[in-house]
Amino acid sequence: MKVTINGEEKNISAATIAEVVTMLGYEGDYFAVAKNLTCVPRGQYAETQVSENDEIEILIPMQGG
Amino acid sequence: MWQLAGKTFNSRLILGSSRYRSPGNLRDAVKRSGAEIVTVSLRRQMTGDGSKFWDLLRELNVTLLPNTANCRSVQEAVTTAHMARDVFKTNWIKLETVGDEYTLQPDPFALVEAARILIADGFEVFPYMTEDLVVAERLVAAGCKILMPWAAPIGSGQGMANPLALKTMRARMPEANLIIDAGIGAPSHAAQVMELGFDGVMLDTAVALADDAPKMAEAFAHAIKAGRMGYEAGLMPKREFAEPSTPIIGTPFWKEKTA
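First to last, the sequence lines map onto chains F and Y. Numbering of the first sequence is given in the working numbering, commencing with residue 1 and proceeding in unit increments. Numbering of the second sequence is given in the working numbering, commencing with residue 1 and proceeding in unit increments.
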């Protein structure tokens with residue numbers, strides 16, 4: 001399945017957001033996820049399905065002014 | 001001590017966490033200035049271990065104020081705020097919507113719309129704005145209790161570009177918490193805005209890029225405190241003419257002139 005993750009096109013087999021973050025190696029609670037410009041709350045990763053052409057954004061805390 | 005969004009703070013300095021030479025430099029600047037609120041952002045992980053900065057933030061033990069820096073639309077800003085709430089476990093959001101690429105001037109229309117959406121969603125919105133009084137009024141009408149007008153464009157270090165407008169905003173919005181965000185370059189600039197009665201100052205570049213960032217952070221802390229004390233004590237009115245401070249009565253060698 002073709003999706004865009006953080007601006008890059010990828011072919012993945014993950015079916016849910018939970019599987020996507022595991023596949024990419026994110027662990028713990030220091031990141032947040034959005035799908036198609038809508039935030040996916042942490043508690044909903046397992047039940048949130050990923051579909052063809054979805055745009056997924058995974059962000060982490062960073063320095064900011 | 002002062003109140004901001006229901007919390008009590010001693011320091012009126014809000015410190016950014018960006019552009020420091022090292023994590024240790026940021027840590028020392030926070031400690032030495034006594035800043036109790038630090039701004040942060042959310043970004044894509046480009047390299048290395050993304051959890052390190054998160055660990056440093058926890059170690060600082062400060063109140064975090066996440067921003068929506070570089071968001072170009074209402075939807076981007078709203079989604080970033082939701083993601084920040086998910087990670088940082090706070091309903092505070094420093095709402096930023098870029099309107100102009102050259103000055104990085106906030107887009108006031110997107111700002112007001114995003115503020116309205118986020119306030120309805122339970123956020124405490126800290127909108128980064130220009131010194132425009134009508135925009136300030138619209139933001140307050142949307143439910144903002146805190147406003148963050150710029151002194152000058154971000155990173156410019158100019159100090160107050162439009163002191164009259166900032167003075168007017170303070171006078172017209174006595175109830176709002178007004179925190180100057182952006183454009184402050186020197187401790188004296190911070191003292192000046194505090195003397196006008198602003199409630200706090202948000203800084204990043206002026207501290208982070210100083211030769212000695214922790215020392216500069218402390219310098220700003222003193223300036224902010226001095227400016228606030230000056231405001232509370234009541235500044236003398238400006239006059240067009242001189243007025244001697246030493247009594248005239250009893251002036252030595254004085255003689256009544258005779259015609």
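There could be a bad hint or two in this list.
Straight-line Cα separation of at most 27 Å, DSS-like style, residue types lysine-lysine; simulated pairs [said to hold, decoys possible]:
| id | chain 1 | residue 1 | chain 2 | residue 2 |
| --- | --- | --- | --- | --- |
| 1 | Y | K31 | Y | K52 |
| 2 | Y | K7 | Y | K89 |
| 3 | F | K35 | Y | K225 |
| 4 | Y | K145 | Y | K167 |
| 5 | F | K35 | Y | K167 |
| 6 | Y | K89 | Y | K167 |
Derived list of chain Y stretches under chain F, where covered just means 3 residues or more per stretch with a C-beta under 8 Å from a C-beta of chain F [what the hints assert, rightly or not]:
| id | segment |
| --- | --- |
| 7 | 28 to 41 |
| 8 | 56 to 70 |
| 9 | 76 to 84 |
| 10 | 137 to 143 |
| 11 | 233 to 241 |
Residues of chain F placed beyond 12 Å of chain Y at every Cβ, according to the derived structure [what the hints assert, rightly or not]:
| id | residue |
| --- | --- |
| 12 | M1 |
| 13 | E9 |
| 14 | I12 |
| 15 | S13 |
| 16 | A15 |
| 17 | A18 |
| 18 | E19 |
| 19 | T22 |
| 20 | M23 |
| 21 | G43 |
| 22 | V50 |
| 23 | E52 |
| 24 | D54 |
| 25 | I60 |
| 26 | Q63 |
Worth flagging that the hints you see were computed from the coordinates, not collected in a lab. Ideal placement from N, C-alpha and C gives every residue a C-beta, glycine not left out.
Each hint tested on the structure:
no. : hint             : verdict
1   : Y:K31 to Y:K52   : holds, 19 Å
2   : Y:K7 to Y:K89    : holds, 16 Å
3   : F:K35 to Y:K225  : violated, 45 Å
4   : Y:K145 to Y:K167 : holds, 18 Å
5   : F:K35 to Y:K167  : violated, 43 Å
6   : Y:K89 to Y:K167  : violated, 35 Å
7   : 28 to 41         : holds (count 3)
8   : 56 to 70         : holds (count 4)
9   : 76 to 84         : holds (count 6)
10  : 137 to 143       : violated (count 0)
11  : 233 to 241       : violated (count 0)
12  : M1               : holds, 21 Å
13  : E9               : holds, 15 Å
14  : I12              : holds, 17 Å
15  : S13              : holds, 22 Å
16  : A15              : holds, 21 Å
17  : A18              : holds, 14 Å
18  : E19              : holds, 18 Å
19  : T22              : holds, 15 Å
20  : M23              : holds, 14 Å
21  : G43              : violated, 9 Å
22  : V50              : holds, 17 Å
23  : E52              : holds, 21 Å
24  : D54              : holds, 14 Å
25  : I60              : violated, 4 Å
26  : Q63              : violated, 4 Å
This entry does not satisfy hints 3, 5, 6, 10, 11, 21, 25 and 26, going by the numbered hints stated previously.
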